[in-house]
Amino acid sequence: MIWIQAIYQPTTLFSLRPSWTTSSGGKSLLLPSPYALKTAVLDAAIRTSGLQQAEKAWPWIRDMGIGIQLPAQIVVTNLFAKILRLRRNPATPGSADVGPFQKTIAYREYVYHPQPITLAFAVPDGQAAQLGDWLAQISYLGKRGGFVQLLAPPMPLADSAGFVLLTADVSSFPLNGLVQQLDDCDPKMKFEEANIYDSKKPKRVVRHVVLPYRLAKSSRAYSLYQHTG
Amino acid sequence: MIELQSVFYIDKLTGTFADELLGAGFILVLQELYFQQGVKPVITQLDTGYSYAIECDPPLDLGRVQMDTRPFYPAPVIQTTKNQAGLPELPPMSFVSYEGEKEKRNQYIEAYKGLDKTAKRADIIGEAHPALASLPPAPHADWDIFRMINPAALIGYNGLMTQWYAVGAAGLTGTVAHLLCQMFHQSPNDVATARSTWQNVAKANGWKQIDATASQFYNPSQGKGVNRPQPDGVGLGNLDNFWLLEWLKALGLYEIGFTRTLKGVGDRKTYVPVYGRMTPTFARSVQSEFRNRMRFDETAVRSDILTVMRYLQAFLSRSQYSQGESEEERWQREMFGGGYRPADFMHGFQVAFYKDLGNAVTTMNLAFLNLPGWVTIHQDTEVETYQDVLLEHEEIIRQFEENRGDELDLLMKYRNFIVADNLAPFFEFTTAYSSWLISEGEKPGFPPRKFSTRNLRRLLVAVQPKLSEILESPGFVNIAYAIRQSTVVAQYRKAQNDRRYDVRYGLGRDLVRQSQYPDEFVAALSDFLHKYNAENAQVMENRSGPYRKSVQTGDIQEILRLIDQHGSDLIAKLLVAYGYAREPRLDEAGEPTN
Chain V
1 MIWIQAIYQP TTLFSLRPSW TTSSGGKSLL LPSPYALKTA VLDAAIRTSG LQQAEKAWPW
61 IRDMGIGIQL PAQIVVTNLF AKILRLRRNP ATPGSADVGP FQKTIAYREY VYHPQPITLA
121 FAVPDGQAAQ LGDWLAQISY LGKRGGFVQL LAPPMPLADS AGFVLLTADV SSFPLNGLVQ
181 QLDDCDPKMK FEEANIYDSK KPKRVVRHVV LPYRLAKSSR AYSLYQHTG
Chain X
1001 MIELQSVFYI DKLTGTFADE LLGAGFILVL QELYFQQGVK PVITQLDTGY SYAIECDPPL
1061 DLGRVQMDTR PFYPAPVIQT TKNQAGLPEL PPMSFVSYEG EKEKRNQYIE AYKGLDKTAK
1121 RADIIGEAHP ALASLPPAPH ADWDIFRMIN PAALIGYNGL MTQWYAVGAA GLTGTVAHLL
1181 CQMFHQSPND VATARSTWQN VAKANGWKQI DATASQFYNP SQGKGVNRPQ PDGVGLGNLD
1241 NFWLLEWLKA LGLYEIGFTR TLKGVGDRKT YVPVYGRMTP TFARSVQSEF RNRMRFDETA
1301 VRSDILTVMR YLQAFLSRSQ YSQGESEEER WQREMFGGGY RPADFMHGFQ VAFYKDLGNA
1361 VTTMNLAFLN LPGWVTIHQD TEVETYQDVL LEHEEIIRQF EENRGDELDL LMKYRNFIVA
1421 DNLAPFFEFT TAYSSWLISE GEKPGFPPRK FSTRNLRRLL VAVQPKLSEI LESPGFVNIA
1481 YAIRQSTVVA QYRKAQNDRR YDVRYGLGRD LVRQSQYPDE FVAALSDFLH KYNAENAQVM
1541 ENRSGPYRKS VQTGDIQEIL RLIDQHGSDL IAKLLVAYGY AREPRLDEAG EPTN
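Chains as they are written, first to last, in the working numbering: chain V, 1 to 229; chain X, 1001 to 1594.
Any given hint could be a false lead.
If you want the ones that stay clear, here's a sample from chain V, every Cβ over 12 Å from chain X, calculated [stated by the list, open to error]:
| id | residue |
| --- | --- |
| 1 | 22 |
| 2 | 90 |
| 3 | 97 |
| 4 | 138 |
| 5 | 155 |
In the DSSO-like style, the derived pairs of lysine-lysine whose C-alpha atoms are separated by at most 27 Å in a straight line are [to be verified]:
| id | chain 1 | residue 1 | chain 2 | residue 2 |
| --- | --- | --- | --- | --- |
| 6 | V | 103 | X | 1224 |
| 7 | V | 143 | X | 1263 |
| 8 | V | 200 | X | 1224 |
| 9 | V | 82 | X | 1263 |
| 10 | X | 1413 | V | 217 |
| 11 | X | 1117 | V | 203 |
Quick caveat, the hints were computed from the structure, so don't treat them as lab data.
Here a beta-carbon is modelled for each residue, glycine too, at the ideal position from N, C-alpha and C.
Work out the full structure, taking the sequences as your base and the hints as a guide.
In structure tokens:
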């Protein structure tokens, strides 16, 4: 296995709703989950190399180890946004918002990363170059619109020192840390289960990752998390 | 085999008040289990970041828990005229009649409305009054929770409570309580094993309840909405959780939650305290006093401010030394040590704001409001000092109505200060408040309330101790005096038909506006001081006294030094805050009272 580092500059705010919430809840994770990152790589693979090659690569994409370097501070903005929701009752004929959806409002959170997001991926030796190509094609993470820009070609790393591992069961974690429930791919998850055009449901596992953050300041509309390291 | 457990853990997985409710619900169950064993424990809830550790002394005997079969009913089934036919026959202490409680509340409110002002005032400040004794019984302490549950979440809620009743009736209270203790005796909590154990129990007894709908009222991030692992549709649905977790959250809401509809609208806010280190008995006494202080509906922003302020007031009053303190209260005080910050024991509130959309509600905001971290108690006498500060602030805040644009703006600025320990919005508030004070002062009626310089100083130094150098400087004090004399005092004199001195309208805003650049600020301040001294000289020449003090050259040199050291922005804002505050009243001995 070899570790590859990719540094992304977020150009918009990040948001990713945890899988244990509904769209009414609107909480956001502070960072992309392993599942989100792996499906982003799969998406880049399908778009640039074609379905067959992506399907062939799925087992090692699914099993990638992922680590992240965390910024000194993270700020979450609370707001409500206008959304479309499936209409329960038919609209009055001729009304402005006729159609299957109705306009409503919902709570949303957006996360500001003040520094670039540095990720590390563990892949089989022969796949490093391929992964590097696909990582360059990722333009957003999490909810659509959370745009990122790769700052430099992905580089090999000696090891994952300095990274918080998101895909491993850790035996020690920071005291007074902050828990994030992050989705990852189940080791048995097949390509068909990742294919959104297939009716098979994806097999996910939930990892409880304790991040070295504490809530430093907050008010009605924001929360500031400070790195405790 | 003796099975003793001294620490339990509640994982903080959601980042919402669902975690706190779960903890409070489980502590309630623990207390009941100890009670059944005839033991009076010391239970302490500690925040460890990723979980709450619940330390019990002496440890709980889990073997005895399992053997105990006595049922207990920590929360009632809510009976309504519609659902009473479908409910099982319940013992009297296990249910409440919704309509009965509603009627009781209506009678009380109707009678309360008829009280005269002196009786209402006596009630608010906690004094006795003959009219209060004739009031009907007060509404149920948990009425607001009943009202929230019925009708939106009634079926799910009653499902949880009747299932617990069935557990008790089947003599399985000990078995299920033991299951809960096993689930929480480690972190991560072993929910899977507990659920599987329950499945066996349920199967053996013919119960279908395994999971229950995750109500938005206890799980603000899990309301009815879209949640699909496969993004192939947008249909709405509810999420389910293990029913015992949901049952504990419902108990927790009664124990520590505070929920209210907002004044004049159907919107709702739910506040749940987040403890850093707390014993349930102390928490309950604070909660009880806090609820007593929060008897009336408030508007959205005022609600946030008053909740934080009044909880802190309740905390301070309960932490005061009293000769009649119980053993636990004494222990609590000893735990505080030499000096303590209430915010270390209770960090703040998890808040959910539910917007009323007519036939449904939606979560509009989830926030964390901090308890002010600047309140630190070293001596018992400081409790009274901070109570004074908080009371003064509360009286100022209660002047504002949210349906007036400028007052809403003031409230929002103040909220950003009080819930986030941030002085910048406080100075924005005091600057805007200076204009509001003068504007309201022109109107007939009771004059608007002002901060007292004494309490303002206490607050500012508590938040930023280095400000004491500025606030104690004679130059600063004298120039703030000149601002006060030219604005709020001049306006008061004008109302008394003393028109010797002009009122400088807009002075506060003008000074702060010029404070971005030191040169411009010094020029604006000099211009004001020049006019102030000239006006003083003119009045002294032509009119009788008493006269105002003039500003000396030493004062100006002093303020220039402070501007060099601390910047014009800070000095300008402090001058305005102090300049529009009132000096403390003096008692007969000439000592400042307030």
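Here is how each hint holds up against the structure:
1. 22: 3 Å, violated
2. 90: Non-interface label on residue 90/V holds, nearest chain X Cβ at 16 Å vs cutoff 12 Å.
3. 97: Label holds. Min Cβ-Cβ 15 Å, cutoff 12 Å.
4. 138: Consistent with the label, residue 138/V stays out of reach of chain X, its closest Cβ about 18 Å off (over 12 Å).
5. 155: About 33 Å separates residue 155/V from the closest Cβ of chain X, which puts it past 12 Å; holds.
6. 103/V with 1224/X: Distance of about 16 Å is within 27 Å: holds.
7. 143/V with 1263/X: 36 Å, violated
8. 200/V with 1224/X: Within the cut-off at roughly 24 Å; holds.
9. 82/V with 1263/X: 25 Å, holds
10. 1413/X with 217/V: OK: residue 1413/X and residue 217/V at ~16 Å, within 27 Å.
11. 1117/X with 203/V: Between residue 1117/X and residue 203/V the Cα gap is close to 66 Å, so the pair fails against 27 Å, i.e. violated.
In this structure, the earlier hints numbered 1, 7, 11 are contradicted, and the remaining ones agree with it.
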